[in-house]
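Trainee: The lines below spell out each chain.
Number of protein chains: 2
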Amino acid sequence: MMKLPDPVQKVVDNLAELPSIGPRQAVRLAFYLINEGPEDLKALSESVAGLAKIKVCTRCYFIHQNEGGLCDICANPARNTRIIMVVEKETDLLSLENTKKYTGRYFIIGQVPKTGFLEPWQKIRIASLAKSVKEELGGQADEIILAFNPTTLGDFQSSLLMKELASLAKRVSRLGRGLPTGGEIEFSDDETLGASLERRS
Amino acid sequence: MMKLPDPVQKVVDNLAELPSIGPRQAVRLAFYLINEGPEDLKALSESVAGLAKIKVCTRCYFIHQNEGGLCDICANPARNTRIIMVVEKETDLLSLENTKKYTGRYFIIGQVPKTGFLEPWQKIRIASLAKSVKEELGGQADEIILAFNPTTLGDFQSSLLMKELASLAKRVSRLGRGLPTGGEIEFSDDETLGASLERRS
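Here the protein sequences line up with chains D and G, keeping their order.
Reminder that position 57 of the first sequence reads as 56 in numbering that gives the first Met the number 0, one-by-one numbering, no gaps.
Reminder that position 162 of the second sequence reads as 161 in numbering that gives the first Met the number 0, one-by-one numbering, no gaps.
Wrong hints could be hidden among the right ones.
Said to hold, decoys possible - Calculated lysine-lysine pairs in the PhoX-like style (CA-CA distance at most 25 Å, straight line): (1) G:K162 with G:K113; (2) G:K100 with D:K2; (3) G:K99 with D:K41; (4) G:K2 with D:K99; (5) G:K9 with D:K9; (6) G:K9 with D:K41; (7) G:K2 with D:K9; (8) D:K162 with D:K133; (9) G:K88 with D:K2; (10) D:K54 with G:K2; (11) G:K100 with D:K41; (12) D:K52 with G:K9; (13) G:K100 with D:K52; (14) D:K88 with D:K100; (15) D:K2 with G:K113; (16) D:K2 with G:K99; (17) D:K100 with G:K52; (18) D:K88 with G:K99; (19) G:K9 with D:K88; (20) D:K99 with D:K113; (21) G:K100 with G:K41; (22) G:K113 with G:K133; (23) G:K41 with D:K9; (24) G:K162 with G:K133; (25) D:K41 with G:K52.
By construction, these hints were calculated from the structure, which means they are not laboratory data.
Let the hints inform the model, and build the full structure from the sequences given.
Mentor: Structure representation (structure tokens):
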């Protein structure tokens with residue numbers, strides 16, 4: 000491949016490190032940015048640098064900009080702190096929060112590796128959850144809800160976390176399985192249909 | 000949707016403006032960047048800002064970092080300046096240059112709109128090409144090669160440019176059509192097979 004100027008290659012390398020951006024797309028993006036001109040470059044550069052100001056909640060690891068250590072959800076006295084929903088990603092939290100049906104708090108564990116072994120930083124997060132459950136809730140939460148994807152991998156991740164967290168709550172539950180609203184019975188897979196039968200109400 | 004902190008929303012908006020990055024992917028990327036930490040943020044931010052130093056060739060509109068106005072290819076005395084290959088994008092130029100089979104120069108016209116009407120800045124580029132052909136080559140290049148994609152849209156773009164550029168070269172050609180190397184006859188479409196028959200050698 001023809002050598003790109005160093006400043007371009009640097010951007011390409013940095014962009015290609017991002018998830019779901021491949022090396023070819025990184026090259027296309029770099030050329031797009033150059034053609035957009037100095038104002039757009041400045042806007043993107045400064046907004047990325049601005050992310051350094053974002054803090055991470057000391058309790059649930061969601062982002063925030065508050066004075067203290069807690070995010071908006073953890074700092075909200077109207078939320079039930081005795082119910083904890085464990086999610087993989089911030090975007091999962093956003094989707095669940097968007098339902099406006101949940102009034103407990105969250106805990107972001109990060110993407111659980113397919114190997115089933117938690118990363119060291121994830122073990123630290125779990126230790127901090129155990130500490131907060133001990134200090135703030137007297138040792139046990141009322142409920143821990145494991146909100147992993149309804150996939151084979153998600154089920155595996157749930158079963159792993161189930162063991163790790165069993166002692167921290169009176170009840171450890173998982174999100175319900177069944178027919179997705181708007182779906183069609185004819186086109187539902189066996190697993191989903193089976194779950195909808197088992198859990199009929 | 001739950002409101003994101005302003006600095007996060009800014010990055011999401013800037014990223015979502017980039018080609019082939021959707022709003023959901025922009026949110027995921029923003030969270031990824033926050034979790035990567037200050038050093039990675041600084042590296043990406045500074046590398047993006049560094050693109051402002053990149054210059055665009057006054058003759059072919061490819062990028063460069065040279066003292067003068069010309070890119071490496073245009074400034075190379077070994078290249079035949081009387082043959083001009085018109086490409087849409089910098090990445091097309093890179094792929095063609097990578098073949099090491101072409102010794103002429105290039106001209107980047109930018110993506111021709113599907114409407115068939117050239118953008119004002121594209122008309123300015125063509126005017127500058129006409130000027131350079133007049134001043135540097137005495138009015139006519141030996142050949143202009145139109146290197147558009149072998150698609151219906153690319154054919155349309157070629158026919159448009161053909162008219163605009165006909166007077167600027169003794170010959171206006173297009174890249175050859177036929178069977179792609181490594182392809183299989185059984186799975187080739189009719190157009191490609193037809194072209195391979197017509198242009199057999």
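Trainee: All hints are to be evaluated individually against the structure, with a verdict given for each.
Mentor: Consistency of the hints with the structure:
This hinted pair checks out: K162 (chain G) and K113 (chain G) have alpha carbons roughly 17 Å apart, not beyond 25 Å. Pair hint K100 (chain G) plus K2 (chain D) holds up; C-alpha atoms about 17 Å apart against a cutoff of 25 Å. As the CA atoms of K99 (chain G) and K41 (chain D) are separated by approximately 36 Å, the hinted pair breaks the 25 Å bound. Taken as a hint, the K2 (chain G) and K99 (chain D) pair is honoured in the structure, with Cα atoms around 13 Å apart against an allowance of 25 Å.
Distance hint between K9 (chain G) and K9 (chain D) is fulfilled; the C-alpha atoms sit about 23 Å from each other, no more than 25 Å. For the suggested pair K9 (chain G) and K41 (chain D), the alpha carbons sit about 12 Å apart, so the restraint of at most 25 Å is met. Pair hint K2 (chain G) plus K9 (chain D) does not hold up; C-alpha atoms about 33 Å apart against a cutoff of 25 Å. For a cut-off of 25 Å, the pair hint linking K162 (chain D) to K133 (chain D) stands: about 17 Å separates their Cα positions.
Restraint check for K88 (chain G) and K2 (chain D): the C-alpha separation of about 16 Å stays at or below 25 Å, so the hint holds. In summary, the hint linking K54 (chain D) to K2 (chain G) is supported, as the alpha carbons are separated by about 16 Å, within the 25 Å threshold. Distance hint between K100 (chain G) and K41 (chain D) is unfulfilled; the C-alpha atoms sit about 38 Å from each other, more than 25 Å. Distance restraint check for K52 (chain D) and K9 (chain G): the Cα-Cα separation of roughly 13 Å lies within the 25 Å cut-off, and the hinted pair is therefore satisfied.
Proposed proximity of K100 (chain G) and K52 (chain D) is contradicted: the alpha carbons are some 50 Å apart, above 25 Å. Of the supplied pair hints, the one linking K88 (chain D) and K100 (chain D) holds, its CA atoms being roughly 19 Å apart against a limit of 25 Å. For the suggested pair K2 (chain D) and K113 (chain G), the alpha carbons sit about 31 Å apart, so the restraint of at most 25 Å is broken. Distance check on the hinted pair: K2 (chain D) and K99 (chain G) sit about 13 Å apart at the alpha-carbon level, within 25 Å; holds.
Distance hint between K100 (chain D) and K52 (chain G) is unfulfilled; the C-alpha atoms sit about 50 Å from each other, more than 25 Å. Between the alpha carbons of K88 (chain D) and K99 (chain G) the distance comes to roughly 46 Å, so the proposed pair goes past 25 Å and is violated. Taking the CA atoms of K9 (chain G) and K88 (chain D), the gap is about 20 Å. The hint holds against a cut of 25 Å. Taking the CA atoms of K99 (chain D) and K113 (chain D), the gap is near 31 Å; set against the 25 Å cutoff, the hint is violated.
Between K100 (chain G) and K41 (chain G), the direct Cα distance comes to roughly 40 Å. Violation of the 25 Å bound is thereby established for this hinted pair. Taking the CA atoms of K113 (chain G) and K133 (chain G), the gap is about 29 Å. The hint is violated against a cut of 25 Å. Taking the CA atoms of K41 (chain G) and K9 (chain D), the gap is near 12 Å; set against the 25 Å cutoff, the hint holds. Note on K162 (chain G) and K133 (chain G): the hinted pairing holds, with a Cα-Cα distance of about 17 Å set against a maximum of 25 Å.
At most 25 Å may separate the alpha-carbon atoms for a hinted pair to count; K41 (chain D) and K52 (chain G) meet this at roughly 12 Å.
Comparing the model with each numbered hint stated earlier shows that hints 3, 7, 11, 13, 15, 17, 18, 20, 21, 22 do not hold.
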